[in-house]
Amino acid sequence: MFDMFEVIETNEMIDKDLLDVRTITIGISLLDCIDTDLNKLCDNIYRKITRAAKDLVKVGDDISRDFGVPIVNKRISVTPIALIGGSACKSVEDFVQIAKTLDKAARDTGVNFLGGYSAVVSKGITVADRLLMESIPQALSETDFVCSSVNLGSTKTGLNMDAVRLMGKIVKETAKITADKDSIGCAKLVVFCNAPDDNPFMAGAFHGVTEADTIINVGVSGPGVVRAALKQARDKDFEVLCETIKKTAFKITRVGQLVAREASKRLGIPFGIIDLSLAPTPSVGDSVAEILQEIGLERVGAPGTTAALALLNDQVKKGGVMASSYVGGLSGAFIPVSEDQGMIDAVNAGALTLEKLEAMTCVCSVGLDMIAIPGDTSEETIAGIIADEAAIGMINQKTTAVRVIPVIGKAEGEVVEFGGLLGYAPIMPVNNFSCERFVNRGGRIPAPIHSFKN
Amino acid sequence: MNKVIITVVGKDTVGIIARVCTYLAENKINILDISQTIVSGYFNMMMITDMENASVDFERIVDELNTLGDNIGVKIKAQKEEIFESMHRL
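Chains as they are written, first to last, in my numbering: chain A, 854 to 1307; chain B, 209 to 298.
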């Protein structure tokens, strides 16, 4: 039996340090829904999703009550829709009809988000991929729950620069079409290199074709818990620091593992992976930036930030893999700006720039995330930002992503409010020297030499 | 056996244990172990209980203990034991 102090420790993590399970995500394959008739396809999709996920929200709430740990989100991810809609969709509007079907299914099952309005175009773009990508602005502006992602490169295939250029335009169009809501459409759109098939986090979740028919993936969080533990280790050497992070990550992941196992049992759906990401929220104390400050930085962005983040990311993984045999998704530390009060403070203090964030993405789990940029940033510049980030992922054999929000009508120094988990953000300056000739070349950047391992 | 951990945290006052135990007895919940301590002025109690033969369902117990806690001025939580087992035992 455990002793009282262990019980108190667990409950303090939950009550004081905001430990939560960020999401239970059901991955649903829609491959067996494919039909050449669009209405029939939409019927099949709606029926399959609402059948597979009908008990998700209730089971999530039950588990949360049984163990006394908050489960913040219940989500659905589906097979990339470009694959599913290929034979039925002949126009952008056809794809938007699928997006609306997904939105209705999400609403009726009561989930928070549904991801997978996606295309995987790491090497080439099919007719359906292009139609889907072109439909993204309209699809995101006419739905509430649908999230979209595009994977446009990998270490194995190189970078599809045609897709990079196109996504620069799509991000900008999405911003324009949702301009009346501070361009919030872009918060639901992420561009990837090396996207994983089993990521439970939004906006980038999709159910890859390597996956089973249905699967449960769980994303745990808990930056506040790590920060609280590190307070006890203040001014100790790196060995103590690393041990503390590892042990805390282990404990957090075990909670995720328990929730995943229970959800799998109660829903009768196999367990896939635990994603052990430190995912911040706008709540004070639930911040990755504050962990970095606790490690010893005055502000995030100060020299030493990249090293501190590298260490944090690695120790989180080392603690987590001991706690669960199936760790996947993005796993590591997220560094979104608008969702993390410490990051926002660092930007406002002039400590953190886009360029430093780019360096940080070389050693953390994802990429440039939830960054508001001036609304007049050109689509070529956005494509350039995507290309840089994707190149980091391709060369370093890791996932990288870009989720930037060019806020139409707003300029550097102004503030944009997204609300809820998405938070608010100061608009950050972008280097506006032109990369137009570079991104307009067309074609592909070949796969790096170290991808040839056969 | 359906082990549930009940924790009570708050300002110490007369009769906390008595009132929690009365509630448990009325609902046929068996207490296996009780420990109690004061940490920095705060009353902390942990009970290990068996709810196998409880006369009401778990959801109601959680809600009613919550309300009882509000009445006494403490925080009462009931959680299935697995969360502690998972976090603290290999």
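By construction, these hints were calculated from the structure, which means they are not laboratory data.
Bear in mind that the values here come from a model prediction, so they are computed numbers and not experimental data.
Please note that the accuracy of each hint is not assured.
Cross-link-like lysine-lysine pairs, in silico, DSSO-like; alpha carbons within 27 Å at most [unchecked claim]:
1) A:Lys869 x B:Lys285
2) B:Lys219 x A:Lys1100
3) A:Lys869 x A:Lys1170
4) B:Lys211 x A:Lys869
Structure versus earlier hints, numbers of those that do not hold, lowest first:
2
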